[in-house]
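K.L.:
Protein chains in written order, with the numbering used here: chain A, 1 to 161; chain B, 1001 to 1161; chain C, 2001 to 2161.
Any given hint might turn out to be false.
[Claimed, not checked] Examples of chain A residues toward chain B, derived with CB under 10 Å:
| hint | residue |
| --- | --- |
| 1 | T9 |
| 2 | V11 |
| 3 | W44 |
| 4 | L63 |
| 5 | E64 |
| 6 | G89 |
| 7 | W91 |
| 8 | G110 |
| 9 | M129 |
| 10 | E134 |
| 11 | G139 |
| 12 | E141 |
| 13 | L142 |
| 14 | A152 |
| 15 | D153 |
| 16 | F160 |
Read the hints as simulated data drawn from the structure, not as lab findings.
A virtual CB, placed ideally from N, CA and C, is assigned to each residue, including glycine.
The lines below spell out each chain.
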Amino acid sequence: MSDTKTKKTMVVFSGEMDKVLAAFVIANAAAAMGDDVTMFFTFWGLNALRRPEKVKVSGKSTLEKLFGLMMPRGPASLQLSRMNFAGAGSWLMKRAMAAHKVATVEEMIGIAKEQGVRLVACTMTMDVMGLRREELVDGVELAGAAGYLADADEANVNLFI
Amino acid sequence: MSDTKTKKTMVVFSGEMDKVLAAFVIANAAAAMGDDVTMFFTFWGLNALRRPEKVKVSGKSTLEKLFGLMMPRGPASLQLSRMNFAGAGSWLMKRAMAAHKVATVEEMIGIAKEQGVRLVACTMTMDVMGLRREELVDGVELAGAAGYLADADEANVNLFI
Amino acid sequence: MSDTKTKKTMVVFSGEMDKVLAAFVIANAAAAMGDDVTMFFTFWGLNALRRPEKVKVSGKSTLEKLFGLMMPRGPASLQLSRMNFAGAGSWLMKRAMAAHKVATVEEMIGIAKEQGVRLVACTMTMDVMGLRREELVDGVELAGAAGYLADADEANVNLFI
């Protein structure tokens, strides 16, 4: 392990609680070790950055409203990728995490921000799913695939989650 | 971002429409920026490279015929990884993509080829699933894990999708 | 492809048979080419390293016992990520693999160990799911996210599977 400050990027494609959690565990550990970390949220992963409350937005098409309704709003409503059992699995997982003092995804997002981890929302996904800037939590940047690649080119670890 | 031409590889393991789409968005953006991109299609990902029409192939075992019947043929028949709702979700996604002028997976494969992205089919998967060369679209190379690793060793971004 | 010995890491997050298989195919090919390979098993991926027999462990909470019961024990009981059909799909896949002389996941773990691939279990996952050291197969190291990142910083290919 060298002393040189290195960079890490992650594409967070998946919106399941366990995968988003794994992404933040790695991101926060890297940031704690002094790395620059950029997380690029795309497709379902973007749901982790939605505000939990309903945000009034005008001018959405029916299709965009449908996507908005069907997708989870924010980290607390994400489901497990396995053994979800209609929400019981993610409830069990949250209890087990709390019992072992593992931070929730909500808390991990806060820690990530405090540590300077960059949270970037994929503009193409926002377009396709009809998500607007004001529906996402504060402190999120916007970028496309070219922006992601520019970051990845300068990083030594690039993961797709 | 440096001017040096760099290389990228992706293992496309997943055969869901959204993941294959994400892979091609990144691949095509990298190729447009002048990178050499190699996409290594393995397991379910290989379905994205199947010809949409039924190809007559002799000498298949019952097991191989079964795999061939159960797996989607080509990009147009891929399903979403989430909210698929027996195909309704992927139909909605395609409509939303069209409304925002995002290319379909079929179109993205064409763009990738035009830009010189290398599409490689995993020979072990072809063996196990009984897929023959003539069942895949034109312009696909064949290689095994060693071939993938040789490419990955020369690349600066390697993703598993 | 250079002669320099290079390093590879993989986060094995997924516990499905096909994804674990893909991870070991890449790991074993890299090790055969002389690379140092570290596989970091986290979340559901850890199930691939569980002993197949029931291990008597005292002091588990009800929640930990529940996780232990619900999760597969070892590579032979892993399911496919797609077309599982209540186990029929993974049975078909195993038959197709055997017909083409592809090693099983169990055999691949043995080959990996013989080739010096490091198998590392995520301590946070073990805590949260209540898995104990003696429930895992022999030859597994324990580490956290910081340990994984130290390895990834020295590797030229890092995958999240």
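K.L.:
It remains to establish, for every hint, whether it holds in the given structure.
P.N.:
Structure-based check of all given hints:
1. The restraint placing T9 of chain A at the interface with chain B holds, with a minimum CB-CB distance near 8 Å, inside the 10 Å limit.
2. Checking V11 of chain A against chain B by beta carbon gives a least distance of about 7 Å; that is within 10 Å, so the hint holds.
3. For the restraint placing W44 of chain A at the interface with chain B, the shortest Cβ-Cβ distance is roughly 6 Å, inside the 10 Å limit, so the hint holds.
4. The restraint placing L63 of chain A at the interface with chain B holds, with a minimum CB-CB distance near 5 Å, inside the 10 Å limit.
5. Proximity of E64 of chain A to chain B holds as hinted, the smallest CB-CB distance being about 8 Å (cut-off 10 Å).
6. Because the smallest distance between the Cβ of G89 of chain A and any Cβ of chain B comes to about 16 Å, over 10 Å, the interface hint for this residue is violated.
7. A hinted interface residue such as W91 of chain A counts as satisfied when its beta carbon comes closer than 10 Å to some beta carbon of chain B; here the least separation is about 19 Å, so the hint is violated.
8. Using the Cβ-Cβ criterion of 10 Å, the hint placing G110 of chain A at the interface with chain B is not satisfied: the shortest such distance is roughly 26 Å.
9. For the restraint placing M129 of chain A at the interface with chain B, the shortest Cβ-Cβ distance is roughly 7 Å, inside the 10 Å limit, so the hint holds.
10. Interface hint status for E134 of chain A: violated, as the beta-carbon distance to the closest one in chain B is roughly 19 Å, over 10 Å.
11. The interface hint given for G139 of chain A is broken, as the beta carbon of that residue sits about 24 Å from the closest beta carbon of chain B, more than 10 Å.
12. For E141 of chain A, the interface hint is violated, since its Cβ never comes within 10 Å of a Cβ in chain B; the closest pair sits about 17 Å apart.
13. For L142 of chain A, the suggested interface contact is broken, since its CB lies about 15 Å from the closest CB of chain B, more than 10 Å.
14. Restraint check, A152 of chain A versus chain B: the minimum CB separation of about 5 Å is within 10 Å; hint holds.
15. Against a cut-off of 10 Å between C-beta atoms, the interface hint on D153 of chain A holds, since the closest Cβ of chain B lies about 6 Å away.
16. Restraint check, F160 of chain A versus chain B: the minimum CB separation of about 4 Å is within 10 Å; hint holds.
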